Each structure stands twice: as C-alpha cells, then as structure tokens.
Amino acid sequence: MIELDVRNVYKSFGGLQALNGVSFQIRGPELIGLIGPNGAGKTTLTNILDGVHKPTGGQVWFNGERIDGLPPYEIARRGIGRTFQVTRAFRRMTVLENLLVPAMALHPTARKRDFHEKAMEVLEFLTMEHLANEYARSLSGGQQKLLEMGRLLMLDPDLIILDEPFAGVHPKLMETIYEYITTVHEQGKAFIIISHDMDTIFTLSKRLLVLNFGELIADGDPNEVKHDPVVIEAYLGEEEEKAGPAMVETYLGKDKKDA
Amino acid sequence: MKHRIDSPLTSSRYYRWVAAGVLIASLLLAPIYLNRSPYQMEVVTGAFFYAILASSWALLAGVAGQFSFAHMALTGLGAYTTGLLGRDLGTSPLTGIIAGTLLAGLVGLIIGLLCLRLRAAYLALFTIAFSEIFRIALLTEFQYTEGSNGLQLAPLYEGITPLAEYYITLGLLLGTMALMYWLASSRFGLFVRAMREDEEAAAAMGVNVVRYKVLIFVITSMIVGLAGSVFYHQVGIITPNTMEILQMSLVIAMAVIGGMESLLGAAIGAFLSRVSLELLREINIMGVHIEFGAWRYAAFGLLLMFTLRFAQNGLLYPIIDWLFLRRARQEAVAKRKQAAEVES
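Top to bottom, those sequences are chains Z and G.
Residue 375 in our numbering is what sits at position 256 of the first sequence, and the numbering runs on without skipping anything.
Residue 155 in our numbering is what sits at position 117 of the second sequence, and the numbering runs on without skipping anything.
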C-alpha cells in the first residue's frame, strides 16, 4: 500500500515563502497532476518530497515513516523517485551505465552484470535498446528524458514524480512517455506529474492538485478543478464568465471526456 | 533472450590485456638498458613517481570531478611524517611510511568533509589555501622541520641500490594503478562518475554522495601519502618547495596532457612529460648545443595550451581510442543504423 502524507508543510527561502501550509495525502497507486502558474511552488514541493530541501515547518510521511529531513538517497531507497525539470542524465556515461547506477545503489552486494538483462528490458520498453552503448550526451533531449524515466524503472520506486515530462519533446516520443506513464501506473505505481501541458495533464491524471503562491488552492477531479473559480482566477486573473470559455480552454486545456 | 552488452569502456578487453602485458614487461626489462647510467635510472624512477601522482589526480579530478590542488601537499605530508618520526622517534622507514599514509588519509578525510558543499573553482581555491598554509607552516617552523634547508630522510634500507629503488617505485606504480583501475571499474567508479556528472541526480538515484565524495578524497590522499613517503626516502631529502603551486600545476598539466579522464593516459602523460623535461635540459642538433634551462617549462606550458585548445581529452586519448575503443564504437553505430532501418 502506497501512503504519502504531506502535513502542513512550509518552506521559506529568506524572505520568500515558497510553500505555505501545504497538506495532501496519496493512498494507493493514484495518478496525480500537479499544476500551478510559474513560481507557484511545484518544484519546491517536489524537492521537499525527495529530500533536496528540508521543510521549514510541517512533516512528510511515506509508508508509515517520517521522511522529511532524510537525505535524498535515503528517500530514493525508501521508494520515491523523480525526474528533473531540466533533464539530468549522466551525460559522460553510457545509456547502460546510467541505468545501472540506481540498480547498484539499491543493491549493495550485487554486481553490474546482475542487472544487464533488466536494463536491456527497460531499454526495449523505451524503444532505446540500440542506444545502450551510446553516451547519454549524444541522445536528443526527448531521449534523455526517456533515459531518466528508465533510471526510475531500475530504481523501482512506489511513488514516481515526473517534473515536466512532456516539455520540448517530439510528438513521437511524447507517445512513448504517455505509454510509459499509463503502463507503469497499471503496474501499481503512484505518480505525481508536474506539467504545463494542460491538455495532456487533464487527460492523463485522475486527480489534480493546484498550487498558487505556495498554497494548495484545489485538490480533486480534473474537470471540477478546471472550473473552480479560485483556479481560474489564479491562472487568468479574472472570473470564468469574464474570461470566457475560449480563454479558459487556452490556459487550462479542454474538458476531460468521460471514459 | 540473452543480451550482449558491449560498453565502450569494457569491450576490446583482450587487446587491452595484451597491451598492458607488453607495457609491464618492457618496464620490468628496461633496467637492462638503463642500468648503464644511474642518472637515467633516477630520471625514470622519478617519472614513475609522477605517474602515480598524475593518475591518482586523474581519479580524483577526472573520474570523480573533485578538482583539488592539495595533492602535492598530501604527498609532502606523507614524506614529512615519516621523516620526522624517523629523526625524532627513531622509527623505521616502514613504520613511518604506514604512519604517513594513514595521516594523509586522515587529512584527506577532513578535506573531504569540509569540501562537501564546495565544487569547481571553490574547491580548487580551498585546496590551494590548504596547501599554502601547510607549506608556510613547514617553512616557518624550521626548528622542527629544517625549513627551506629541507628534512633529511634515511634510505629505505642500508645499501639500497638504484635498481632496487627502480623496482620498488615501479611496484608502487603498478600496485596503485591496479587498485585505481579496480575501483574505477567497480560500483565505486560507477557512483563517483555519476557524482561527477550531477551530484543531485546521483543522490536522487540512491547514491550516498557524501560517502563517496569523502571516500575518493581519503583513497587518493592515502595513495599520494604512500607514494610521497616511499619516494622521498629514496631521494633522501624533502623541502617545502615540493609543495609549491607550480609543482602541483605540473602534476595537473601532466594529467591533462595525458588525458585526465583516463588513469593510464594520465600515467603515461606524466611519465613522458617527466622524461622529456629531463631530455630537454640540453640537446645537440647537428653539432649545435642548446641549453633550454627554464625555457623547457615554457615549452611544456605551450604543449598544455595546445592540449586544452585542440585535444581536451588529452594528447594520448586519440591513440588509446584508436587502439581500444574504435571497434566498440563502430559496433554501436552499426546497431543504431540497424535499429533505424527496422523502424523505417
């Protein structure tokens, strides 16, 4: 059972209040979208969940254990994995070596060759098996994003946080990323996906969290959240009636059709 | 389905072993020729010492990304430790060498812990400051250290010959190279390279970055502490000048010319640079006698500038690449083409 409890989390950087009493829970393999205007605190929240930042106040619990204050590598080993807004592949290492890093970190007594087979299966899943021996720096931006996601499959976390997985990616690779998320979610993993691609995030996620100025202003079904006056005002600076449906669609995407 | 993995770093292993065997055999047999001249023997033994320094710096800076200037200071620390223990407490060179190695490791541990949050230029400046403080302390506390006169060290054992010193230093070089190669190809190497690329991403993948950052400082400090304490017993004297920034810069330049991401490249680069610097003292070209004096260092500087501008992987890397890595890369390109054809 995947259980994440974010309890009244605050984070300030000097005089800037980046997060202001954020609370939410995840129960089970949920697929959650996290949106908000620029500077809303999305990446700060992600950095707190994976241990890069310590919260100024509040607590984070994961699977019955308090994790705020733990270093990032401990949190990764406890089952929270993430990708970064700006891709961070290990550029002067091969694709295969990139995949071996999390697997070896997770299994202190294992040998590299123990994970070759699994790494190749991951690369096949990502349609990148022919790139195993290439240096990561020679991959395209989209392929590097896929490589980051491949590393997560080797880490095998319960909760996966993807920061802007669709940004600047070729449409064909977007399909692969989309398939990655849906397939891995069906295997029982929880996701938090941060994205500015509203159409995709509304289509993909079953639940939406909206941050604005460090506060969680909405948490619920994507279609309901989209028409929440507080959310519309955060994005458009005015009410839905004044802005009109076209403007709402432009900034917050099309309505999600029922399956 | 079984998959064959040909990493560019591990394929062509067979040819590498053959090349390593030939190289080691040549070094073992070289004294047959070198033994005619104690000067030549001394130069080559010194070149082995610099090869240890440059290759261990390549492990620290090139492989692990920790751009430290403290290497020569830690070498000197090892030598001064064994020298002072021998002079003041009458300990044997072996005890002194062990103490020097351990103390260098301890100081490496402290530097590693203090530099956890320092990167690139900040780390370089910190380690320069450490080295200079250590050098100035040695100069100032001359009543204990003999200051600029230098501290005398006893020979490793009575009656040691240049031939024995040659083999001891060669053994040290081969031993430390084997250790460093084993480390670089193990999980340790995988993690420190990930750390070099991106510490935050490595930590997010479960790598205990703090542990490996400290470990790399401890290990390389112990290697140079050991090398320094053994080598200066052979030289017979150590002075604070050994720890000048210029000396450290020479080691870095040797590693860069050889290829700072390649342990072997850095070692060969240091060996050839050291021997060349000696050969360039004076040369005869068609009866014309030229003494280069300090200008040979200027020529060395020009070579460094050329390397940094035109061959950032080092001058030896293209040769290593052609000999060992070309085939693996060709295979990778072929696989890529094959996959593209299947897709289309």
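Since the hints were made in silico from the structure, they are not lab data.
Just so it is clear, the structure is predicted and the values come from calculations on it, not from any experiment.
Some hints here could point you the wrong way.
[Claimed, not checked] Where chain G lies over chain Z, by a calculated footprint (3+ residues, C-beta under 8 Å):
(1) 192-203
(2) 314-321
[As the list claims (entries may be wrong)] Far from chain G by the CB rule (all over 10 Å, computed), these chain Z residues:
(3) E122
(4) P148
(5) D169
(6) K173
(7) G176
(8) E216
(9) L219
(10) H249
(11) E343
Glycine included, each C-beta is placed from N, C-alpha and C at the ideal position.
Hints, verified against the model:
1. 192-203: The restraint on the region 192-203 of chain Z holds, since 6 of its residues have a Cβ under 8 Å from chain G and three suffice.
2. 314-321: Violated: only 0 residues of the region 314-321 of chain Z have a Cβ under 8 Å from chain G.
3. E122: Label holds. Min Cβ-Cβ 21 Å, cutoff 10 Å.
4. P148: P148/Z clear of chain G: closest Cβ-Cβ about 21 Å, beyond 10 Å.
5. D169: Not fine: 6 Å to the nearest Cβ puts D169/Z too close to chain G.
6. K173: Fine: 14 Å to the nearest Cβ keeps K173/Z off the interface.
7. G176: holds (23 Å)
8. E216: The claim is violated: E216/Z sits with its nearest Cβ about 6 Å from chain G, within 10 Å.
9. L219: Per Cβ check, L219/Z is inside 10 Å of chain G; nearest 6 Å; violated.
10. H249: For H249/Z, whose nearest Cβ neighbour in chain G is about 3 Å away, the distance does not exceed 10 Å, so it is violated.
11. E343: holds (33 Å)
The structure does not agree with the numbered hints 2, 5, 8, 9, 10 stated previously, though it agrees with the rest.
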